[in-house]
Amino acid sequence: MRKILVTLLFLLFGTSAFADCNIKSGSINILANDFPALRTFVETSKQCKGSADFKVTHSSEHNKIAVPALTANPSEFSARIAANSSIVPLMNQDLIRPLDDLVKKYGKGIQDSQLITIDGKVMAVAFMANTQHLYYREDVLKDLGIAVPKTYEEVVAASEKIRASGKMQYPYAAAYKAGWNLAEEFVNMFIGHGGEFFKAGGAQPNINNAKGVATLNMLKKLSELSNPDYLTHDSEAIKVEWESGNVALMTLWASRSGTLLDDEGDPNITKATKLTGPATVGGGNIPAATLWWDGFTLAKNRSDADAEATFRSLAHAASNKKMVADAADQAVWLVEGFVPGPKSIGVIEAVKMGAKPYPMLPQMGLMHGALGSEIVEFLQGKESAEQALKDVEAAYISKAKEQGFL
Amino acid sequence: MGINAPLTQNLMPNKTFFWFFLPTGLAMILFIGLPIISTGIQSFYAQHDQVVKEVKKCDPFGCTVSIVVDNEETTKLREAKPLGKFNGFGTYVDRNHLAIDEIKKFWNETESFGAFVDQVTNLPFYKALIFTLTYCLFVTPNVLLLGFIIALSLNAVARKIRGPLIFGTILPMIVTPLVGSLVLFWMIDSQGIIGANIQNLMNDPYLSLKSSKTLTWITIIIYGIWHHSPFAFVVFYAALQTVPQEPVEAAIIDGASRFQRIKHIVLPHIYPVVTFVALISLMDNFRVFEPIIGFSAEGSAQSLSWLIYDNLVNEEVILFGSAAATSMMTIVGIAILLAPVLIRTWKEFKTAR
Chain U
1 MRKILVTLLF LLFGTSAFAD CNIKSGSINI LANDFPALRT FVETSKQCKG SADFKVTHSS
61 EHNKIAVPAL TANPSEFSAR IAANSSIVPL MNQDLIRPLD DLVKKYGKGI QDSQLITIDG
121 KVMAVAFMAN TQHLYYREDV LKDLGIAVPK TYEEVVAASE KIRASGKMQY PYAAAYKAGW
181 NLAEEFVNMF IGHGGEFFKA GGAQPNINNA KGVATLNMLK KLSELSNPDY LTHDSEAIKV
241 EWESGNVALM TLWASRSGTL LDDEGDPNIT KATKLTGPAT VGGGNIPAAT LWWDGFTLAK
301 NRSDADAEAT FRSLAHAASN KKMVADAADQ AVWLVEGFVP GPKSIGVIEA VKMGAKPYPM
361 LPQMGLMHGA LGSEIVEFLQ GKESAEQALK DVEAAYISKA KEQGFL
Chain Z
407 MGINAPLTQN LMPNKTFFWF FLPTGLAMIL FIGLPIISTG IQSFYAQHDQ VVKEVKKCDP
467 FGCTVSIVVD NEETTKLREA KPLGKFNGFG TYVDRNHLAI DEIKKFWNET ESFGAFVDQV
527 TNLPFYKALI FTLTYCLFVT PNVLLLGFII ALSLNAVARK IRGPLIFGTI LPMIVTPLVG
587 SLVLFWMIDS QGIIGANIQN LMNDPYLSLK SSKTLTWITI IIYGIWHHSP FAFVVFYAAL
647 QTVPQEPVEA AIIDGASRFQ RIKHIVLPHI YPVVTFVALI SLMDNFRVFE PIIGFSAEGS
707 AQSLSWLIYD NLVNEEVILF GSAAATSMMT IVGIAILLAP VLIRTWKEFK TAR
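From first to last, the protein sequence lines stand for chains U and Z.
Our numbering puts the last residue of the first sequence at 406; the count rises by one with no breaks.
Our numbering puts the last residue of the second sequence at 759; the count rises by one with no breaks.
Calculated from the structure, these hints are not laboratory results.
No incorrect hints appear here.
Below 27 Å or equal to it, Euclidean Cα-Cα: the simulated DSSO-like pairs (lysine-lysine) are: (1) Lys382(U) with Lys619(Z); (2) Lys487(Z) with Lys300(U); (3) Lys300(U) with Lys24(U); (4) Lys300(U) with Lys462(Z); (5) Lys462(Z) with Lys356(U); (6) Lys199(U) with Lys220(U); (7) Lys221(U) with Lys619(Z); (8) Lys221(U) with Lys356(U); (9) Lys459(Z) with Lys300(U); (10) Lys55(U) with Lys300(U); (11) Lys491(Z) with Lys64(U); (12) Lys382(U) with Lys533(Z); (13) Lys142(U) with Lys274(U); (14) Lys533(Z) with Lys619(Z); (15) Lys462(Z) with Lys352(U); (16) Lys482(Z) with Lys401(U); (17) Lys401(U) with Lys510(Z); (18) Lys274(U) with Lys343(U); (19) Lys322(U) with Lys49(U); (20) Lys150(U) with Lys274(U); (21) Lys104(U) with Lys462(Z); (22) Lys491(Z) with Lys300(U); (23) Lys619(Z) with Lys220(U).
The structure displayed is predicted, hence computed values, not measured ones.
Between the sequences and the hints, there should be enough to build the whole structure, so can you do that?
Structure representation (structure tokens):
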């Protein structure tokens with residue numbers, strides 16, 4: 001009798017999109033990167049946890065724990081907030097479950113455009129878009145009569161002018177920390193030059209060419225205009241540099257604009273901080289940037305009850321109009337009802353300019369890893385661009401062979 | 407070997423020793439021996455050939471035709487051979503490890519020996535090996551020397567203030583390596599207290615301890631000496647307490663200087679302890695890892711341990727074979743480094759009997 005009652009109640013409330021999710025059982029454990037928009041997203045999903053167990057791990061080291069934690073059976077996490085790049089290792093190892101049935105059952109408010117489908121199956125539900133684009137100090141550029149740069153060549157010229165004026169010693173900043181961040185800057189710049197990372201139809205590397213050399217040379221020029229410690233600077237570190245007024249031009253994630261433009265820090269700098277689209281490079285017409293989505297995936301090695309509870313609470317956030325209205329300046333939400341504000345300019349411009357998404361290929365992680373360590377010596381002036389690219393390809397090939405891609 | 411003489415008289419009977427050692431021995435086999443064997447086996451295997459298929463992928467930015475790993479096929483392969491594809495010493499000799507083929511090629515192609523060395527040290531394994539060895543070679547002797555000097559000096563100060571002084575001296579060892587290196591990392595930042603002062607001193611606004619490879623190495627080595635000296639100090643200080651006073655007093659009466667007393671009486675007495683500290687230091691230093699993470703020095707300094715870490719976590723794709731191969735080679739490396747000391751100890755042990 002009680003069971004029937006519960007089922008009836010469930011049917012009654014379950015169908016209404018705005019009701020409490022009424023989750024009765026299951027346990028929810030989420031692994032996510034750590035930036036404000038994701039915290040908001042997870043907090044929103046927590047509102048509808050019902051009587052399920054709810055845990056979350058926000059960590060900038062999420063990439064390092066995801067695969068081992070999801071390989072375990074039952075896995076540590078029931079959901080992983082992933083992006084274009086981090087969904088790939090999960091797919092490679094078959095660690096996430098298709099969501100079609102859950103989307104059909106509980107995904108009422110989720111728009112079709114939010115669904116990441118691979119081979120016809122929904123593997124993730126995206127809720128925000130991200131990219132790296134330019135930030136500039138309006139006051140500094142105005143003082144020196146510099147127009148807002150549209151290309152990286154103009155960024156270099158503008159930075160040199162600012163340095164020559166004596167206003168700032170290191171006018172440019174980007175996350176060049178050796179490893180993932182530096183490789184990401186290479187990926188952006190290489191795509192801006194129209195490069196393809198792999199030879200058509202295979203996993204053979206294709207970066208040791210004129211486009212690769214041009215990419216490296218541009219990175220080097222920019223690094224010379226950056227703080228000499230650039231190889232240790234990640235997104236957080238350059239944000240701090242910016243807020244201390246040491247930098248006038250910067251390439252940074254759109255998702256960081258919220259904390260950059262909040263009330264903390266020097267109000268004059270905050271007031272003069274302006275956003276613009278990503279720059280192009282080498283006369284190309286697509287931006288030297290990659291488009292990213294952030295979305296949630298569900299672990300395969302978890303019970304159906306956990307998956308259901310997790311999906312329902314996350315879907316609540318991924319279709320939450322109130323959340324996107326309240327946190328409109330934290331991210332470019334892909335959720336219905338989002339009205340882009342001034343802080344979304346970067347992503348919107350990038351999409352308009354035809355930016356490409358980060359390549360979602362099974363072997364891309366190996367290339368990214370090889371780039372992160374092998375191009376450092378070129379930037380330090382210890383080897384030629386050709387040698388660095390040769391090293392990247394060689395390091396990649398060894399790893400790809402061990403991993404069975406070649 | 408007068409010092410060892412009392413020991414030999416009190417040696418445990420073999421049977422007692424066996425039962426005494428059994429629990430430790432079992433734990434060692436279980437937690438050290440078996441994992442090493444498992445790592446060794448792992449290092450001979452590579453992943454199966456990836457079966458990929460072309461599929462349509464759609465995301466908020468549009469649809470493309472692209473490749474994914476065919477999970478059904480891969481699962482079949484994995485179930486048939488869970489360890490992967492047998493690769494023999496393939497991983498050991500590939501470019502990211504011993505790079506035998508590349509070295510042969512460099513030998514034939516390069517004109518001068520210098521160019522050859524340049525090419526070889528550009529390979530990841532050798533790059534890491536050179537840093538690791540440099541670190542060991544500079545840190546170990548300095549740790550021994552510094553530890554010994556501190557122990558001697560502290561042994562000479564008044565007993566009243568010895569306690570607080572000892573505590574202060576072992577502080578670097580108490581501080582977690584990661585925290586210690588992070589503190590120094592912030593201090594040497596170009597805007598930190600040390601970094602900014604060096605810039606002023608050298609009158610070079612572009613000088614950065616973190617961007618120069620040599621300076622990064624020096625920083626890490628100095629940090630290593632700072633961190634490890636207390637260990638040597640503590641052991642030496644304890645050993646100094648056992649130095650018999652009669653010969654020292656006799657030497658003083660004979661007119662021996664402080665230096666002569668240390669050289670001819672103290673050092674020979676604590677010699678076995680010096681060997682012990684040298685062994686432990688070498689082993690520790692060969693596995694240098696935390697300061698590289700703490701100093702964000704991956705760009706300029708990589709150690710063998712860092713390579714293992716990198717293979718396991720830095721990329722989303724975990725390279726078990728690579729990590730296992732590097733681990734095995736690290737073990738071999740430590741064994742080679744320790745061999746001279748171990749052989750010597752063994753010989754002394756035999757003569758003592």
